[in-house]
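Chain U is fixed; fit chain Y with the ligands onto it per the hints.
Here the protein sequences come in this chain order: U and Y. Going left to right, the first sequence walks through residues 1 to 322 as my numbering numbers them. Going left to right, the second sequence walks through residues 323 to 646 as my numbering numbers them.
Incorrect hints may appear among the rest.
To be verified - Cut-off 27 Å, straight-line C-alpha distance, at most; resulting in silico cross-link-like pairs (DSS-like, lysine-lysine):
no.: 1; chain 1: Y; residue 1: Lys406; chain 2: Y; residue 2: Lys444
no.: 2; chain 1: Y; residue 1: Lys406; chain 2: Y; residue 2: Lys344
no.: 3; chain 1: Y; residue 1: Lys406; chain 2: U; residue 2: Lys21
no.: 4; chain 1: Y; residue 1: Lys444; chain 2: U; residue 2: Lys260
no.: 5; chain 1: U; residue 1: Lys19; chain 2: Y; residue 2: Lys468
no.: 6; chain 1: Y; residue 1: Lys468; chain 2: Y; residue 2: Lys430
no.: 7; chain 1: U; residue 1: Lys9; chain 2: U; residue 2: Lys21
no.: 8; chain 1: Y; residue 1: Lys430; chain 2: U; residue 2: Lys21
To be verified - So, partial list: chain Y residues that the calculated Cβ filter (under 7 Å) puts toward chain U:
no.: 9; residue: Ser365
no.: 10; residue: Thr510
no.: 11; residue: His534
no.: 12; residue: Phe564
no.: 13; residue: Pro567
no.: 14; residue: Ser578
no.: 15; residue: Leu582
no.: 16; residue: Val588
no.: 17; residue: Leu589
no.: 18; residue: Ile592
no.: 19; residue: Gly594
no.: 20; residue: Val595
Hints listed in this document are in silico derivations from the structure and should not be mistaken for laboratory results. The beta carbon of each residue, even a glycine, is placed where N, CA and C say it ideally should be.
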Amino acid sequence: MSGYLLEGKDLTKEFPAGKNKTVHAVSKVSLGLVEGETLGLVGESGCGKSTLGRMMIRALKPTSGEVFFRSRPLTAMSGKEFAAVRRSFQMIFQDPYASLDPRMTVRDLIAEPLETHHICSGKKEITERVLELMDAVGVPGDFLYRYPHQFSGGQRQRIGIARAVAQDPEVIVCDEPVSALDVSVQNQILNLLSDLKRKRTLTYLFISHDLSVVRHISDRVCVMFLGKICESGPTGEVWAAPAHPYTSFLLRAVPKADPKERTDASLLLTGEIPSPIDPPTGCRFHTRCPFAVKQCAEEEPPLRTRGERTVACHFPLDRNGT
Amino acid sequence: MHNILEVRHLSAGFSARKSEVKAVDDVSLLVPEGKIVGIVGESGCGKSMTARAVMGLIRYPGRVISGSVLLDGRELVGMPEKEKRALRGSKMSMIFQEPMTSLNPVMKVGRQVEEAIRIHEKVSREEAAHRSVEILTSVGVPEAEKRCLCYPHQLSGGLRQRVMIAMAMILDPRLLIADEPTTALDVTVEAQILQLMRTLSSGGTGILLISHDLGVIAQVCDHVYVMYAGRIVESAETAELFDRPLHPYTRGLLNSVRSLRGGGDVLDTIPGVVPNLMRMPAGCGFSPRCLECREECVRDVPRLVDEGDGHLIRCFLYEGEAAE
Ligand SMILES: Nc1ncnc2c1ncn2[C@@H]1O[C@H](COP(=O)(O)OP(=O)(O)OP(=O)(O)O)[C@@H](O)[C@H]1O
Ligand SMILES: Nc1ncnc2c1ncn2[C@@H]1O[C@H](COP(=O)(O)OP(=O)(O)OP(=O)(O)O)[C@@H](O)[C@H]1O
Ligand SMILES: [Mg+2]
Ligand SMILES: [Mg+2]
Chain U
1 MSGYLLEGKD LTKEFPAGKN KTVHAVSKVS LGLVEGETLG LVGESGCGKS
51 TLGRMMIRAL KPTSGEVFFR SRPLTAMSGK EFAAVRRSFQ MIFQDPYASL
101 DPRMTVRDLI AEPLETHHIC SGKKEITERV LELMDAVGVP GDFLYRYPHQ
151 FSGGQRQRIG IARAVAQDPE VIVCDEPVSA LDVSVQNQIL NLLSDLKRKR
201 TLTYLFISHD LSVVRHISDR VCVMFLGKIC ESGPTGEVWA APAHPYTSFL
251 LRAVPKADPK ERTDASLLLT GEIPSPIDPP TGCRFHTRCP FAVKQCAEEE
301 PPLRTRGERT VACHFPLDRN GT
Chain Y
323 MHNILEVRHL SAGFSARKSE VKAVDDVSLL VPEGKIVGIV GESGCGKSMT
373 ARAVMGLIRY PGRVISGSVL LDGRELVGMP EKEKRALRGS KMSMIFQEPM
423 TSLNPVMKVG RQVEEAIRIH EKVSREEAAH RSVEILTSVG VPEAEKRCLC
473 YPHQLSGGLR QRVMIAMAMI LDPRLLIADE PTTALDVTVE AQILQLMRTL
523 SSGGTGILLI SHDLGVIAQV CDHVYVMYAG RIVESAETAE LFDRPLHPYT
573 RGLLNSVRSL RGGGDVLDTI PGVVPNLMRM PAGCGFSPRC LECREECVRD
623 VPRLVDEGDG HLIRCFLYEG EAAE
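Chain U with its partners taken away, still in its complex shape:
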């Protein structure tokens, strides 16, 4: 028994990219979610976060590897078996504009998952349940018959969240749920997600490239670089003392909202993000890593565990950052 609610083992996803080329979107990644926790997943654009998140809830079939839900093999289930557990998983997307059907009213949008999963029936009962959900996510009930375009970005995201929790899921993959919103609205949505988690037993896989968002919301964090996990551990510890050079550069690059603490340009990463079509040999970060030596280009560093933390680096940083 792994003790994980949802666990991915050696997940790999490759996409064909024409002319016998392959995009190595996710390469042999293992990931576990403990019931009731929020696991953050961070990394640069294109590193495979969404692909990994979708494989975890069987919204995308892995090229190889397996996912287990309560120790049962999710990936190997037949369509019929999966249908029975499907309502345990939900996803919230980045773009509150694109993810809602513009021709449906708020009532019908939130009622849809209730009807699909036979959670309640009868027009009156459904409407009552929809109103409860609207209340839970902070959208006034008198907006019941409005259309998505009549709402602001933050309100639309609330409607998306109401849809996601309607079917009482156990795991929600939140894929950049606040990236398209203004800071103060981001905070409103983050507070709402925390609040819902306290009231219902929910487990979140929280994907974001915003390190302060991840710091706030997640108990543990996984840092990804080009299809692989390079570091993981309790968020506070990792942020305070990153062990992988990439994590450390990522944290240093965050623009601090304090003019007295301006980023020292000499501490920035240079070079371009390598391509997932032709990932570097050895450690995938070595082409950008200022500490890289010959071994890094030749040998892939294994993911090593130290207590609650893991790191994939031949020369991990110590607490003083060297």
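Okay, now just chain Y with the ligands, sitting in the frame of chain U:
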């Protein structure tokens, strides 16, 4: 210090069914030589509209209603389109949030950079090609020679943005307007682009940087204008603004900044949402969301007053004080 850009009492908006809505209302601002000046504010507050008004790039049905825009002392409002276009190719340029929209999708990147060089000065094809590789390398495009042969869609967002910056640098403009130049980028790439902006400004270019990210503003700007619902509500030197924010909106914005160190279970927010342009409150635009709202705030628009040392504030909480 010499001001490259002087915007005075600029209003711009849209005509809609018999009425006119103002998206930019009586905005005045300065961009001095060699300085980076920021405009910060929530989505829809009129940042891009202000930028477009300065560049003379407002699209129909929008228009400049009144006010003046001076570039090195020359009036741009009312200037014939042909003259304005010539200025846009030389003295002022703009970088947009999504660089894809401003690069030609069917022309190789190298050619586009070469053309920009050749518009600017008379040099041979070979010389221009050579220079374009040089300049792309200088803005951090790796293997620039190879990248010159790519079409825009074959480059990543960060690379495209750097190509746009390279083109802006070739023009060596007096004024560069950057409208959310890093919003679509990763933090590591964003930091590189911000560094390029600093380099450009140290060469004398005045930069107007638009962003809703207080981190970005704090990192590079010398002076900041805070905009809310079409109006400038506060303006100060960057250090002063972050040290001593006065407007309830600015304070709310600064409180919403999350720390990398974590802390606190519930994040601070500004309750409510930005008002719709069609249903603007009669008084202060922020009054429906303001915890310190008083009777006069709902009725009248406060004036922009100097609270000392050029720290401007548009709020009744301070207007009384200044008068006393
Ligand atoms: N259907 C697909 N076909 C081909 N390539 C794909 C497909 N989906 C994703 N990819 C590629 O796989 C890689 C990982 O993509 P993914 O969307 O998982 O990244 P991400 O980390 O979520 O990025 P972002 O932060 O931009 O959302 C990228 O290089 C992407 O271009
Ligand atoms: N064609 C139009 N007709 C009417 N109103 C418009 C039109 N285009 C834009 N607006 C409005 O003008 C206002 C200012 O828009 P602007 O694009 O300047 O905002 P912004 O501050 O740049 O926001 P963002 O951060 O989202 O880019 C917004 O309220 C917008 O809804
Ligand atoms: Mg993604
Ligand atoms: Mg804009």
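- Hints the structure violates: just list their numbers, smallest first. 3, 4, 13 and 19
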